[in-house]
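Asker: One letter stands for each residue in the lines below.
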Amino acid sequence: QKEVEQNSGPLSVPEGAIASLNCTYSDRGSQSFFWYRQYSGKSPELIMSIYSNGDKEDGRFTAQLNKASQYVSLLIRDSQPSDSATYLCAVDSGWGGGNKLTFGTGTQLKVEL
Amino acid sequence: SAVISQKPSRDICQRGTSLTIQCQVDSQVTMMFWYRQQPGQSLTLIATANQGSEATYESGFVIDKFPISRPNLTFSTLTVSNMSPEDSSIYLCSVEFLAGENEQYFGPGTRLTVT
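Heads up: the sequence lines are chains V and B, in that order.
Okay, so the first sequence: first residue is 2 according to this note's numbering, each after it adds one.
Okay, so the second sequence: first residue is 185 according to this note's numbering, each after it adds one.
No false leads were slipped in.
Far from chain V, by Cβ distances over 10 Å, these chain B residues were calculated:
hint, residue
1, 192
2, 200
3, 202
4, 204
5, 206
6, 248
7, 249
8, 266
9, 296
Below are the DSS-like pairs computed for lysine-lysine, each with C-alpha atoms no more than 30 Å apart in a straight line:
hint, chain 1, residue 1, chain 2, residue 2
10, B, 249, V, 101
11, V, 3, V, 101
12, V, 101, V, 57
13, B, 249, V, 43
14, V, 3, B, 249
15, V, 101, B, 191
16, V, 68, V, 101
17, V, 43, B, 191
Hints are computed from structural coordinates only; laboratory data are not their basis.
Here the structure is a predicted model, which is why all the values come from computation and not from measurement.
No residue lacks a Cβ here, since even glycine has one placed at the ideal position from N, Cα and C.
Input sequences plus hints: build the corresponding full structure.
Answerer: Below, the structure is given as structure tokens:
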């Protein structure tokens with residue numbers, strides 16, 4: 002059973018702080034890793050994808066991948082109240098798994114004024 | 185950017201009936217998927233919609249309960265058959281635009297309530 006694990010939260014951070022969201026996965030063959038943001042009552046929105054070890058930055062977001070540790074994280078700098086949402090980690094199904102993604106249960110982020 | 189639409193956006197249905205959900209994309213896509221998201225939970229893949237052939241279902245989901253069509257590269261339907269209250273959920277289609285990158289983009293979802 003391929004698993005993607007996230008802390009459910011809520012993770013509370015003050016406005017302007019760095020929010021750090023973490024995800025671990027079980028399938029060593031996974032090659033593609035994604036972070037989605039989901040506002041309450043809305044569908045998931047892709048915000049970051051990462052395929053290689055190291056960091057990938059896009060605006061206030063940085064995704065970090067460590068395949069040896071089977072760990073992927075998302076940093077949100079200068080957190081804003083509008084960042085308050087549930088963040089879903091998704092991982093591909095690895096070798097022979099085709100294009101399927103497995104989603105974690107999500108971490109709820111609350112950015113407080 | 186491409187637009188992914190779903191119809192209906194929500195519906196309330198009686199037990200034992202069926203509902204067909206449509207997913208339409210305004211450009212051609214390589215892959216289409218159907219997910220279910222039950223209240224307070226994450227996404228569960230129902231099936232991969234294959235163009236011109238039978239869908240590929242995940243464990244726990246069967247064609248008789250969730251028949252899927254994908255007649256072309258921009259359109260797919262999911263039918264929820266013989267509904268029970270346990271089928272109350274949000275149903276989402278997702279698409280991939282580029283082969284090999286696995287980036288999936290979601291439609292707005294269909295909120296289904298079965299009474």
